[in-house]
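Novice: Chain residues, written in single-letter form:
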Amino acid sequence: MPSLRDAESDLARALARLERRTAYADVMAQRSSGHGLNLDRQTTSPRPLPMLEGAVFRAWDGATWVESAASGLTDHALVASVDHLLGRLPTTPGKAPPGESPTGHAEKTTVEQRPAADFGIEAQIEWAKTRLDWATAVPGIENAFVNLLFESDERLFLSTAGAVRHQRLQYALGAVVPLAIEGNRVETDRVAEGRTGGVEVLDAITEEVVMHASREAKELLSAKSPPTGMMNVLLDPSTTGTFAHESFGHGAEADQVLRGRSYLAPLLGKVLGPECLTLVDNGALPGGWGSIFFDDEGHDAQRTVLVDRGRFVEVLSDRESAAQLGRRPTGNTRRADFLSRPFVRMTNTYVEPGDRSFEELIAEAKDGVVLQNFMSGIEDPLGGNMQLKVKKGRRIEHGELTEIFSSTALSGKVLEFLQEIKGVSRASDMEFTSGACGKGHTDMLNTGTGGPYLLSRAVVGPG
Amino acid sequence: MTDPGDGAFTAFRVGDRLKKLAQPPWEVFGERIRRYELHLNGARVEMIRAPVELEGYGLRLFRAADDQMGVGVAASTDLRDAGVDLALRDAEATARFARFPTRRVDLPSTAARSASVEVMDRDLWDHPLETLQRFVDALLRPFDGRKDVQPSFGSVRANLVDTTITNSEGLHRRFSHTLLEHEFAVKATGGPEGAPPGEFWVNGAARRPPIEHRVAVDVERWCRLAEDTRAGRSPATGPTRVVLTPEVLADILPAIVGFRMSGTARLRKMAPEPGATLGSPSVTILDDGLLPFGVGTAPSDDEGTTPSRRSLIEGGIARGGLYDLLHGGAFGEGSTGSGRRDAVQFPNWFHFSQSVGPRPTTIILSAGTGGTETELLEACGEGLLIEQLGYAFPDPVSGAFGGEIRSAYRIHQGRRAEPIRGGTLGGVVFAPPGSPSLLASIEAIGRQPELVGHLSSPAVVVDGMIIAGS
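Top line first, the protein sequences correspond to chains A and B. Under our numbering, think of the first position of the first sequence as 2, with each following residue one higher. Under our numbering, think of the first position of the second sequence as 746, with each following residue one higher.
Since the hints were made in silico from the structure, they are not lab data. On a predicted model such as this, the values are computed, not experimentally measured, just so you know. Note that beta-carbon positions come from the ideal geometry of N, C-alpha and C, so glycine has one too. Hints are not guaranteed to be accurate.
[To be verified] Per label pair, the in silico range of CB-to-CB distance:
#, chain 1, residue 1, chain 2, residue 2, range
1, A, Thr104, B, Lys1014, 38 to 46 angstroms
2, B, Gly1209, A, Asp134, 48 to 56 angstroms
3, B, Arg867, A, Arg329, 47 to 55 angstroms
4, B, Asp851, A, Gly163, 56 to 64 angstroms
5, A, Ala118, B, Asp826, 34 to 42 angstroms
6, B, Asp851, A, Thr207, 53 to 61 angstroms
7, A, Ala13, B, Arg825, 48 to 56 angstroms
8, A, Ser10, B, Asp830, 19 to 27 angstroms
9, A, Leu326, B, Thr1022, 15 to 23 angstroms
10, B, Phe888, A, Pro99, 33 to 41 angstroms
11, A, Ser429, B, Gln878, 55 to 63 angstroms
12, A, Asp134, B, Glu1018, 45 to 53 angstroms
13, B, His917, A, Ala118, 42 to 50 angstroms
14, A, Arg89, B, Glu1018, 53 to 61 angstroms
[Said to hold, decoys possible] Stretch by stretch, here's where chain A covers chain B in the computed footprint (C-beta under 8 angstroms, at least three residues):
#, segment
15, 789 to 801
16, 818 to 824
17, 941 to 947
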């Protein structure tokens, strides 16, 4: 297997050209590739993932970061990128950039119990056809989308401070989306499992969960609109995780705090929720979809407790924001790829389990809704409002789960939502979900979310 | 760089290799992109990225397999012979197992013409950083002397793209185009005591920078919306008559109408039958691949077919669909010039790595007789003017959309009244006859269309939208 280490001397030579003109520079080289499959009743589409290769150089000009990047790792591409940067740097190095510069060598690779490279096209098609058959075994479901993705993301980071960080991340994802169609009405449900690892990740997509999703999609065809207004809401694990990420995590990014764009900025150290609430970002989570070994400034990934038993105790930071806030970098500097700039980003963000059972939370809600199968969310880091969208839900009436309803949006003020939390369910309910996150509306990258069931109050309506 | 496309023949270089090694039919789509970025922290430029250079290609092979087609694909940034050979091997390997229900693919030939359309801004092409800096200056100028409203963050990004397309029929298509992306957030701290700061956060893309006067008008509006957000109250719950602005519709209609009227949806029996009633009689929707300076406009689609202007819904009735070469072949319709690697919902600034499918270009909701926005408010009487949702989260498959109301006003006695913030608005674009839907509930369409991303539309009045508030 080719390795980016083969290009290390070329990258180091290119980086050395910058040393006379800057107090600090680094380079991140990346190679990503893989394979995937889309299959449904009509089409079979195996596909190699794009082979993307290139490097981005970054230098501090004394006041501002300047960057240049190019696809390809040829001498020509590397020299051109460095030449562009030299044209923007002063003739002599100025002061050093704020923050810590990691040093030393390290190398890490995702462990695959069953390597994706050994899972050939025929095996993939057989896997997908089996899931399609399971999905369509439910009466009324004639079709389903089945997707597979195996992606390798190799990154090599070098800096003028002497850091060498080499990591290979291997992602595996499988998804089944049964389609229920009646006239103009189309409903779906979704089963998905995505983690860092190998083919073993797919083992979670069993006949039982696929057929359950098909039955739910079929039932959604005749579902009524969701109830509307302020009510008790029980978030399922996937929605709890999205809440942790979108509604809290983005506000806890230190760059947002420093630019005065976080509703959480004045609240660091304050109690925001009940003791049952502990919220974490963990880039070192084994198997997490958002797990990394090192961030794109060379810092080690780590577990960072953001909310400890209700108290907001830490923010996520890169070298510059950590220095400005007098804290240590948390290993959250991430680039979507070599074409994208680094930002403070989340990794795997989740709510730690509590001590309540699902049944206890349903009984406590008495009347309200359980929201299931997150679809998306969007942050409002300054305003502190929240918006989550789920594929489906069920009413809770007199402490019992009753009828299903379709696409639903949830909104409210995050701080009020936190204060209204009545309970968090146990570790046995804990689930992690694969997702994609943008910084603003761009630079999408893999992030994981997770949690158990969480009971609070919010506004819900069709969405 | 002095000439658009100077030296950029990405697809042709790969095609020369395929001519020697690959059996026809095949197709190569290439891009060479220079990207320039300025990132703002408040009013300060915190990062300059200049340039980010990307060159890559996507290739497809078409192999008959029984009564279907095996379509092999690959994409790469490796333009060396060894890299192209590897991509070709990958594509051949996938073609053996791929199946698509058509027996023919009619690749455009040397005789195929390309459309003459405007897709490039010369200043942006020749002087990208200077043009970006002028745009940033225009964005920041309205804040001079203001204390209660300030920029909080933003970025402007220029993409200078050489696209090349070639195939085994001898087609050689080459064109250059520009795209300017912006993201900008305005923070307001004045106004009511005790209220948190207000923010209005926008993002968009256009082929060229707006004129400075337009930027100033937009920024003034964003500042007003940010300030008013501070005083916004949650709306009442229940069915409500609303005025939806083009910005709100732009997040909903291209993604949902574009998918449900496509060959992809038709193949899966998700597309409306031609002749089906989808909306009120005032609703006419087109897809226009030739709209000057539309972000979806190009001299040819990504398969080399000339784009067209195509009616999708006329007077509320379903009409034509969108087809690429494969889906057009499957239905005996031919391509409508809609074979695209771009996506309207989650667009990527480079396309060679994306899969080809039938997708919309610019969705046009035809202007109506509802008049100006003022007249639409009068027609609405009592209701809400929705300026921005957090995000509408359109679900192309189910047609559902909905999101948090970030910026709105109550409409009282036909006039804009107090600001509204919070709660949700949602619904579905299409529904079975007799069920409420966005298109069926449109009461009035304005006469002043605006181009916002992949949509050109006036504001509309919609009755009975479900609002969930306090």
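Novice: Please test the hint of 48 to 56 angstroms on the beta carbon pair from Gly1209 of chain B and Asp134 of chain A.
Specialist: violated, 42 angstroms
Novice: Just tell me: holds or violated, for the beta carbon distance of Phe888 of chain B and Pro99 of chain A against 33 to 41 angstroms?
Specialist: violated, 26 angstroms
Novice: Mind checking the hinted window 48 to 56 angstroms against the Cβ distance between Ala13 of chain A and Arg825 of chain B?
Specialist: violated, 22 angstroms
Novice: Holds or violated: the 34 to 42 angstroms window for the beta-carbon distance between Ala118 of chain A and Asp826 of chain B?
Specialist: Given about 24 angstroms between the Cβ atoms, the range is violated.
Novice: With 42 to 50 angstroms as the target window, see if His917 of chain B and Ala118 of chain A comply at their CB atoms.
Specialist: Since His917 of chain B and Ala118 of chain A have Cβ atoms about 37 angstroms apart, the given range 42 to 50 angstroms is violated.
Novice: Confirm or reject the claim that Asp134 of chain A and Glu1018 of chain B have a C-beta distance inside 45 to 53 angstroms.
Specialist: violated, 28 angstroms
Novice: Between the beta carbons of Thr104 of chain A and Lys1014 of chain B, is the distance compatible with 38 to 46 angstroms?
Specialist: Given about 60 angstroms between the Cβ atoms, the range is violated.
Novice: Is 53 to 61 angstroms a correct range for the gap between the Cβ atoms of Asp851 of chain B and Thr207 of chain A?
Specialist: violated, 43 angstroms
Novice: Residue count check for the segment 789 to 801 of chain B against chain A: does it reach three with CB-CB under 8 angstroms?
Specialist: holds (count 12)
Novice: Check the following: the C-beta atoms of Asp851 of chain B and Gly163 of chain A are separated by a distance inside 56 to 64 angstroms.
Specialist: holds, 59 angstroms
Novice: Confirm or reject the coverage of the segment 818 to 824 of chain B by chain A under the rule of 3 or more residues with a beta carbon closer than 8 angstroms to the chain's beta carbons.
Specialist: holds (count 7)
Novice: Using the C-beta atoms of Ser10 of chain A and Asp830 of chain B, is the stated range 19 to 27 angstroms upheld?
Specialist: holds, 26 angstroms
Hint violations for this structure: numbers 1, 2, 5, 6, 7, 9, 10, 12, 13, all remaining hints satisfied.
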